[in-house]
Amino acid sequence: MSLTGKHILSSDQFERQDLERLFQLADLLVPVARGEQVTRVLEGAVMASLFFEASTRTRLSCETAFLRLGGGVTSTTGTEVTSIAKGESLADTSRVVTGYVDLVVMRHPEVSSIHEFAAATNVPVINAGNGAGEHPTQALLDMFALHREFDRLGKPMDGRRIALVGDLKHGRTVHSLVKLLSRYQDMTIVCVAPEELGMPEYLLELAAERGHRVEVTDQPSLGLKDADLVYTTRLQTERFKDRPLPYSDDFRIDSALVNRVCREDAVIMHPLPRDSRPGSNDLSADLNRDPRLAVFRQTDAGIPTRMALFASVLGVADEIAGSLRPARWYRPEYTGPDDAPFYK
Amino acid sequence: MSLTGKHILSSDQFERQDLERLFQLADLLVPVARGEQVTRVLEGAVMASLFFEASTRTRLSCETAFLRLGGGVTSTTGTEVTSIAKGESLADTSRVVTGYVDLVVMRHPEVSSIHEFAAATNVPVINAGNGAGEHPTQALLDMFALHREFDRLGKPMDGRRIALVGDLKHGRTVHSLVKLLSRYQDMTIVCVAPEELGMPEYLLELAAERGHRVEVTDQPSLGLKDADLVYTTRLQTERFKDRPLPYSDDFRIDSALVNRVCREDAVIMHPLPRDSRPGSNDLSADLNRDPRLAVFRQTDAGIPTRMALFASVLGVADEIAGSLRPARWYRPEYTGPDDAPFYK
Amino acid sequence: MSLTGKHILSSDQFERQDLERLFQLADLLVPVARGEQVTRVLEGAVMASLFFEASTRTRLSCETAFLRLGGGVTSTTGTEVTSIAKGESLADTSRVVTGYVDLVVMRHPEVSSIHEFAAATNVPVINAGNGAGEHPTQALLDMFALHREFDRLGKPMDGRRIALVGDLKHGRTVHSLVKLLSRYQDMTIVCVAPEELGMPEYLLELAAERGHRVEVTDQPSLGLKDADLVYTTRLQTERFKDRPLPYSDDFRIDSALVNRVCREDAVIMHPLPRDSRPGSNDLSADLNRDPRLAVFRQTDAGIPTRMALFASVLGVADEIAGSLRPARWYRPEYTGPDDAPFYK
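Residue numbers (our numbering), protein chains in the order written: chain A, 109 to 452; chain B, 109 to 452; chain C, 109 to 452.
Check before you lean on any hint, since a few could be wrong.
Since the list gives no way to pick out one identical chain from another, each pair is judged satisfied if it fits inside one copy or across any two copies.
List of simulated lysine-lysine pairs, BS3-like, C-alpha gap at most 27 Å [to be verified]:
1) K194 with K277
2) K263 with K277
3) K452 with K114
What the hints contain is simulated information worked out from the structure, not anything from laboratory work.
Work out the full structure, taking the sequences as your base and the hints as a guide.
This is the structure in structure tokens:
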């Protein structure tokens, strides 16, 4: 399916072939994302970045991706959209703003808003998070990062063992991931969560229907074993204010645990941000120098993924290859001092 | 009068000849505004977008217009201008910021501020709304939209019947419109408003002095009849909190009324936003598929109008025609699903 | 020392030779800063502008400088960085955001934050103010403006008499200035301040160690005499809420004082903003038409200085000269109506 002219509202829109085409383009765009090459295919195009709810890194990442394609960005954050305060319908806002620009990236705290907004315009709208709903560009960048990791390790995407860890009930990230991972073949999906924070039934069924194995455990030390990918998320203690936590603190994923149970070639991911405050049940910073920790390679993947998506939606994917030229400014060999040597 | 190097503070600055020259340029820029062509005449120029009062769509529209000319934008919103909080005069702020950039677009809640700001610099300053004062770029885009509509309908601008509807006392939009419409010849201006929200006397006199007919009524069903343009604005019920409304609810302009009394080739405009909440005395969304409803063609007109204005003020108007090249990215045939077939 | 790839955190990093190389480049960039020439050396590069504390003019100046080099900017202001609110460490924020972009400009109210942020990335980070710490780009622009003034007056930098006036205890601007001025030779630094707001001892010692004369007085009428540069700052009365002011109001630097005691060829600078409210102990606006007042030439110097710094840090300094082309848009002969005739 061609993505040209499409709204991108849900990760359900992507079948395996779409992902593969997108990743091929994103691979080509990695040097642009790193500031080593330049493309100007969207010179003259303008994107509106509408964040009705703040999300600094998603906004900066989307805006940077569009700028790196040569386009311009006009941006608004917060609930400050003044016309809406005066009783304007979201349909009117949509038609007005999309009459200005070529692409809209929008985040909104309410699930239905992105659909209402997109229905009122033919200009492509990208969902950058709609409350408890979806965040498809995050799901795509997770998959692209995974594709890069498995590629580096010489492993095919098919047939992998994937451990999803943490609050699997509320995390829209892991829900989207199940949808996209299940587009491949022969996966084993291991859900590692306290019982009452388990993966929703409909997603377990979806994975099973598509022919994958599903395992469930509340013990990280069991669940992480043999996994090719360990995808961790934060356990939000604030959900259990008035009663004892329904899990021990071994949901803190740290080097002691990883060294004890994980494969040598495991890949450890996390959607970030992670909570680095003392006592948080989250991914520990003591793994920062462990080359298995892929969290920053993962966030880095956001730029080429979003560039590839924007270029595809705007129908210029085929012009990328011929448009590349070398960048001439300084770029450090490694972005982070702890970056793994294999990751330039 | 050449606009090059001028501050644009009031719609009084524009005589008929200025409007016509501007609209000729704006016509040329419509394909750029629509993302079908690219110009880079302002590549390297920088605009500061200073919104001391929020106005999302005006800001996005001005920023997009400058970006589509090839320029860059640096932007600030709200009262967050930190130097002013420390006791800086607006004259100092002006001289400092205009030492950075090539053009300033400014909105401020106080009427006098734009004048104080403009007096302290020779860098062109564009008024994007000064409280109860003026909003000349809105007035220009209204006129450009009207020029496009009448052109499409094969009607000359001169000799038209124009109905202005709603709160004509407080609306700076309709005030500016009277000033600009009266630059043409032989108009009939019909003021349709509750008696105590009527058009200010000095504007009625201005229109009469310039040789136009003026009619006044508080009945929309009478006032809209035979009008070539119906320009509606919102009636703000909040102005009458503690006493009965001085008008019946037939100031709601909807398809029933329009179909009953308006011409087949009428043009219906509104500065937007319109209040779509139940019970609002405003332009109804049930007209959205009526091709006479020009409100989105009108907001779309904001980009080419502002581009033409910025290019004129920065003295590059004559370079536009030679600078155009085709855009290569996707653009939908129609922006809105309800857009009229004649309006690509 | 080459600046390529370096973090710019402190004015201590700059020796005389670094300053001279930077000013040579900045001189070349003045026409670009003024909108008379265009360079696109950073076309394709992206800067993140992270202002955890608002500072409108510093942000606009840095963003404009990067845009005028041909780059793109993505920007965030205030404490809205949402990931940090969720417990993310500043190190994580740094690694994530610097994986997107080529350069970061950051302002933060806490002194240590910029160091923590910079330590987590190899992508160059520019300190745009870290609380009571430093603001090196302000110090550099002050020095560049001074270089331009002395150049115009035919005076060498060495051997000058420099009066620093106002609150010398708390002003990070004057602290940085002492560090940079003392990189030159044979200066006389006159500290003009109420006794309890005097220059910190360690800076007096630094200047003396480097072979300069230091004089101290609490009388502006004495201290300003014979000075080549009078660098004034605001006296913040709010520091003395509950007790009598420790100084008379003759710290108001106005035309009466300047005409009485200053040299004909003195240069008067101020970091701005100045407090123009009645009764403020600050630089008076009645000097605005005195050509000795260099405060706006000084703020104008911010753009070429920051352009030169960014270009140097990104390793494209040597490409500037060959990249320049004339700008074609309108630029007023003088930015401010009161600008001195010698300053186009």
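Each hint tested on the structure:
no. : hint           : result
1   : K194 with K277 : between (37 Å within a copy, 19 Å between copies)
2   : K263 with K277 : neither (29 Å within a copy, 63 Å between copies)
3   : K452 with K114 : between (34 Å within a copy, 19 Å between copies)
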